[in-house]
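Undergrad: With chain L held as given, fit chain A onto it using these hints.
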Amino acid sequence: MTTVLPHGAAVGQAPTRRPRRWKRLLRDNSVKGWIFMVPLILVNVVVILIPGISAVYYSLTDWSGIGDATFIGFANYVEMFSNEAFANALWHNIIWTIFFLIVPMTMGLFGAYALSRLRRFALFFRVAFFIPYIIATVVIASIWRVLLSPDVGLGKILGINFLGESEWALGAVAFINNWAWWGFLVVVFLASMQGINPSLYEAASLDGASPARQFISITLPAIRPTFMFLGLMTIIWSFLSFDYVYILTQGGPAGSTEVLSTLLYREAFTNLNAGYASAIGVIMAAITGVVVAAYLWIRKTRDWEI
Amino acid sequence: MNIDRRGFLALTGAVSLAGVLAACSGGGNSGSSAGGKIQFWNFFADADNEKYFREHFVKAYKGSKEVELTVKSNDTIDRLVQTALAAGKGPDLILTPGPSQVAAYQSAGYLADLTEYAQKYKWNDVLAPWSLEASKIDGKLVTLPTQYESMAFYFNPAVLEKNKLTVPDSRESFEAFCTEAAGKGMVPIAAGNADWKGANEWHLSVFLNHHAGGEAVYSALTGKTPWTDPIFVDTIELLSGYFKKGWFGGSVDAYFTNQFPKLYKQLASGEAAGMVSGTWEMGNMRPYFGKEAGNDADWDWTTFPSLRKEVPNEVWDLGIGQSTGINSKSADVAAAAEYLNFLATDVKTLTKAIEEVSWPATPLKLELADFSANADPRLSRLYTELPVAKNIGYLTWTFYPQETETYMIQEFEKVITDKMSAKDFCAGIQERFAKEFADGKVPTAPKPSGLAS
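Sequence order for the protein chains is L and A. Quick note on the working numbering: the first sequence kicks off at 3 and runs consecutively. Quick note on the working numbering: the second sequence kicks off at -11 and runs consecutively.
Just chain L, same shape as in the assembly (with noise of 0.2 angstroms):
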């Protein structure tokens, strides 16, 4: 008979070696998955992190993008809510947001309703509806430009030059985006939708109800977390949307395709004005801030899941 000691060790035995305290850590989940982290964290100090913090000191100071900065307090600012061009910018990525907030949100709903009803070619649809998506900015931006021309295009049957007249040329922008993201949000939203139980829409059938009253009773109170996620993301890109703008128009004619982003640029690229523009990406993110929060708090209110 052996005694045991209480860790592990019997009497007569060379004790057992206790595991070393970094085998142990090893072992320990809650460990592992932080060293798991640790690239995503470097990776995110050395992109966002030290970027962030240095843009809204840059926003305090003077400067250019080359050289030293002088700290000049809250001047960029005040110079900004008193410009313009800021004003302008704004104003436009305020009707480009509710643009996509309608719009796309309305195309994708619908369209991914449709497709969850359809029994034959929905893989078709699914996949061509996502192409566009999935096309380099650039690429749609050289076919809608032609599609579009006062020569030889869309442009040339209507009489209108969408993209050289101001008053449609925002408008024109905007549609040519919607066109490449609105198949993004059906694949998204039917995803959603494949998630309910069947036997709703069948219980509901069976009481008489109409398609347009299961959409509004059953699919759309049961893809609300979807919903809300996407108006969330379509709040955020809205603000930082840039490729399409730079591309088409570079801002023009006259101003009136102009939005924070590519205001931003400019200041900070073409005029070296880094620490305005600084100043411009502050806000911007201030702007996605108050929007994430106001998301949150309702989430939290509400009590809903994502």
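Some hints here could point you the wrong way.
Unchecked claim - No farther apart than 25 angstroms at their CA atoms in a straight line, the calculated lysine-lysine pairs in the DSS-like style are these:
no. : chain 1 : residue 1 : chain 2 : residue 2
1   : A       : Lys77     : L       : Lys158
2   : L       : Lys158    : A       : Lys110
3   : A       : Lys435    : A       : Lys378
4   : A       : Lys172    : L       : Lys158
5   : A       : Lys150    : A       : Lys253
6   : L       : Lys158    : A       : Lys253
7   : A       : Lys297    : A       : Lys423
8   : A       : Lys39     : A       : Lys50
9   : A       : Lys423    : A       : Lys212
10  : A       : Lys353    : A       : Lys378
11  : A       : Lys253    : A       : Lys212
12  : A       : Lys77     : A       : Lys110
To be verified - Here are the in silico distance ranges between beta carbons for each label pair:
no. : chain 1 : residue 1 : chain 2 : residue 2 : range
13  : A       : Asp126    : L       : Leu103    : 52 to 62 angstroms
14  : A       : Asn151    : L       : Ile100    : 26 to 36 angstroms
15  : A       : Ser360    : L       : Leu160    : 48 to 58 angstroms
These aren't lab readings, by the way, just hints derived from the structure by calculation. For every residue, glycine included, the Cβ atom is placed at its ideal position computed from N, Cα and C.
TA: Relative to chain L, chain A alone:
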């Protein structure tokens, strides 16, 4: 070792910070001249140009050190150079888009003083005096112009002959030219800014130089006359009036969507009567005319006419499209200067490049004898007359400070779309210019006449 969550976070933060600091600190003074070669970053319009440059400006160079060329994209090279310089690195030779950027680099201490090399290589004797004057900051020569340009009036001789149009040489004849061309259903002046918004300032520069005149512009650039002076307001009104008549691009909204290839095709086909653009077009237009395009179209050029009696008949709009300086942290400034001298002043290499690929020249004082019999007379004429110009005008991207230039490009569109008056436009120029003038950001402008030495 026990490690709790806080400890782990602290450790992670410390490791991250160390990594970042290590990445930011750099490994020495400069990455330039690594391996004993002169580091040079450049960009090219196309693969042919790149190949030609490698062959004749890099491999053929027989200086004290070899050159290592790194090709960057036109869209990103400025940003890459800025980032590299901020990190204390960067190539030995620093390519810049012109004097505005040079001023920022100079104030940050990135550029070596080239004054002693100007004496050593006698740059004052071989390069146009105005170009060296425009390359100085606080009396120090900090870059050399490696590309220069002017504006020209382009036309297709056969089209003009067929339509009984004559090349304009005054305001009256320019207006008659446009009126008659429009009456024949032609676009009077092929123009568009869909590919490059900066095209706005080409037209502004031309009209300021040829209507307000070099003297008036020089006076404004040196702070003596405000941009709100009636002469400038009249100039803007005249130009915007021509735009609103549809003389530039066919119509104002067509101007916003016309792309460059369309303009060249219009000029070649006779759809347009003329074109006002930069001398860089002499290379760009080649594929649209003659054998290469499968047509018998031809083009020629002349200087844009004077639009006011008080302005000399022949005014050459001058600008520097590209300046090159030397990194103050270069391991071998002397070797870099030797190569820069080759790039900017080697007559044989440069004239051959002009002849073979329409290479944009440096402001060398060239003579017709420097060119071979195969040279395109349109190009040899340009590069022999331009360096000895008697009356000059000022291109905005060379002689105007950055914010003023950007304002002019952006806001001119509001003038031609009736969203802003010419008077308010000029007041906006004055507001920005006055600030930049006070901050010392206005590049040095040479006098408008008597420059030829």
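Undergrad: Does each hint fit the structure? Answer for all of them.
TA: These are the hints, each one checked on the structure:
1. A/Lys77 to L/Lys158: violated, 52 angstroms
2. L/Lys158 to A/Lys110: It is violated: about 58 angstroms lies between the C-alpha atoms, which goes past 25 angstroms.
3. A/Lys435 to A/Lys378: Satisfied, since the Cα-Cα distance of roughly 10 angstroms is no more than 25 angstroms.
4. A/Lys172 to L/Lys158: holds, 21 angstroms
5. A/Lys150 to A/Lys253: Holds. A/Lys150 to A/Lys253 sits at ~17 angstroms (cutoff 25 angstroms).
6. L/Lys158 to A/Lys253: Holds, at about 19 angstroms.
7. A/Lys297 to A/Lys423: Given that 25 angstroms is the threshold and the Cα spacing comes to 33 angstroms, the pair is violated.
8. A/Lys39 to A/Lys50: holds, 18 angstroms
9. A/Lys423 to A/Lys212: holds, 14 angstroms
10. A/Lys353 to A/Lys378: Holds, at roughly 13 angstroms.
11. A/Lys253 to A/Lys212: violated, 43 angstroms
12. A/Lys77 to A/Lys110: violated, 29 angstroms
13. A/Asp126 to L/Leu103: 52 to 62 angstroms: holds, 54 angstroms
14. A/Asn151 to L/Ile100: 26 to 36 angstroms: violated, 51 angstroms
15. A/Ser360 to L/Leu160: 48 to 58 angstroms: holds, 54 angstroms
Hints 1, 2, 7, 11, 12, 14 from the earlier list are contradicted by this structure; the remaining hints agree with it.
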